[in-house]
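Let the sequences and hints guide you as you build the complete structure.
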Amino acid sequence: MASLTKDRMLQAATRLLQSRGYFGTGLNDVLAESGAPRGSLYFHFPGGKGQLALEATRAAVDEVTLATAKTIAEAETPGTALRAISERIADLMRITNYERSCPISPLIHDGVNDLPALLDLCREAFDTWMGLMEEMLLKSGLTSDRAKTLSLLAQTVFQGGSIVSRTHHDDRMLLDAIDEVARLIDKEVADVS
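Following our numbering from start to finish, the sequence shown increments by one per residue and tops out at 199.
A hint or two may mislead.
What the hints assert, rightly or not - List time: in silico DSS-like cross-link candidates among lysine-lysine, alpha-carbon distance up to 30 Å:
| # | residue 1 | residue 2 |
| --- | --- | --- |
| 1 | 55 | 145 |
| 2 | 154 | 76 |
| 3 | 154 | 193 |
| 4 | 55 | 154 |
| 5 | 145 | 76 |
| 6 | 145 | 193 |
| 7 | 12 | 55 |
Rather than coming from a laboratory, the hints here were simulated on the basis of the structure.
Here it is as structure tokens:
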């Protein structure tokens, strides 16, 4: 039962942090959305909001990382992988009425510089996701420098495209931008082969 309560609080915190950011998410909001009793919050998260945000974000990052690795492993080309990842992001945006996309970008936009553990987790997540893309590009025959640059480009377009799409409530903006990057990368890979 205690584990179920903690899981409900983590899931609620994940949803709220992704849609409202760190400073827009209150502990009372998490309790209300999770249906958890008030006393259970500090029982499960003695470090308070910071610990709850860190654990919820870690779980969301792990989920995205696993899904991204699986997508890359199953893709025929780097471009196919990028398109599949963008479709997954677009699906999440549509399902949540454009309130959610990336689990860490709302935290960065909130300015979590004063929360070093959360900032470190965000850096680690970006590095991991870019590392997965970089490895995919290296296996496709690109040089290390080129793979690093193109993985940064792809991650930047995922982030920027998601923000613009959420603002306009139009997932085509993300999908079209990633499609262009996917074409560019697949052409470069084909030229190397």
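Where does the structure disagree with the numbered hints, that is, which hint numbers, in rising order? 1 and 4
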